[in-house]
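Undergrad: Given these sequences and hints, build the entire structure.
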Amino acid sequence: MTDQPIPAREARQTDVGLRRLATITVATTLIVWWPAFTLGVYRVIFFEQILALWAAATAAFIVAVLLLGRRAQPAVYSLLLPTAWILLTLLTPADTTNPGHDVLFWLGVVVTLAGFPAMVALVLIMVVPGVESVRRPRDNIVAIGAITLVVVLSFTLGTQHPHLLTCEDFKISGNDQPANCTQGIGVSVP
Numbered sequence: 017m018t019d020q021p022i023p024a025r026e027a028r029q030t031d032v033g034l035r036r037l038a039t040i041t042v043a044t045t046l047i048v049w050w051p052a053f054t055l056g057v058y059r060v061i062f063f064e065q066i067l068a069l070w071a072a073a074t075a076a077f078i079v080a081v082l083l084l085g086r087r088a089q090p091a092v093y094s095l096l097l098p099t100a101w102i103l104l105t106l107l108t109p110a111d112t113t114n115p116g117h118d119v120l121f122w123l124g125v126v127v128t129l130a131g132f133p134a135m136v137a138l139v140l141i142m143v144v145p146g147v148e149s150v151r152r153p154r155d156n157i158v159a160i161g162a163i164t165l166v167v168v169l170s171f172t173l174g175t176q177h178p179h180l181l182t183c184e185d186f187k188i189s190g191n192d193q194p195a196n197c198t199q200g201i202g203v204s205v206p
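According to the numbering used here, the stretch in the sequence shown is residues 17 to 206, in order.
Read the hints as simulated data drawn from the structure, not as lab findings. Be a bit skeptical, because a hint or two may be false.
Pair ranges (Cβ atoms, derived) [as the list claims (entries may be wrong)]:
no.	residue 1	residue 2	range
1	Tyr58	Ala100	20 to 26 Å
2	Leu46	Leu67	16 to 22 Å
3	Thr175	Val126	15 to 21 Å
Backbone N, C-alpha and C define an ideal beta-carbon position, used for all residues, glycine too.
TA: Below is the structure:
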């Protein structure tokens with residue numbers, strides 16, 4: 017037993033739970049903002065982002081299945097969604113006039129934007145002890161709301177890039193210059 021009163025222990029446990037939730041929220045937003053931004057700027061999610069999701073999800077799935085075996089939760093199988101998307105893409109002609117191309121594009125958008133947070137949550141559950149103890153519905157709603165807000169704001173910033181960034185900013189960062197970028201010196205420091 018400890019000499020601390022019970023309310024002090026409960027407060028510390030709540031504090032640890034909120035820090036875990038904050039870690040999940042920040043880690044997720046650090047990952048999802050870029051695909052949302054590029055979707056806003058270029059109307060596409062870069063293949064690197066989709067393949068990064070696939071690589072991380074596949075590795076997490078393999079580790080979960082090998083380490084947990086039959087104890088793996090059904091949610092672990094959602095980590096196979098990026099693989100399913102890639103297989104469907106391989107089976108569909110690369111012709112962009114094919115109606116299946118648009119369906120697969122939007123499926124890729126959904127898998128990427130929804131898959132990143134789900135994958136991060138599953139990976140954090142696997143690697144951060146006690147993270148699954150964050151169960152208060154209100155706290156989870158706040159975290160999901162914060163992540164969703166960052167995705168929406170990132171997409172919006174992407175659509176407003178002519179007011180924020182210049183063609184030179186895109187060029188210096190190694191990205192293609194969007195058709196409607198603003199000419200100018202840019203905000204990057206030489």
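Undergrad: For each hint, tell me whether it holds in the structure or not.
TA: We went through each hint and held it up to the structure:
1. Tyr58 with Ala100: 20 to 26 Å: holds (25 Å)
2. Leu46 with Leu67: 16 to 22 Å: Holds, at about 18 Å.
3. Thr175 with Val126: 15 to 21 Å: Given about 19 Å between the Cβ atoms, the range holds.
Taken one by one, the earlier hints all hold for this structure without exception.
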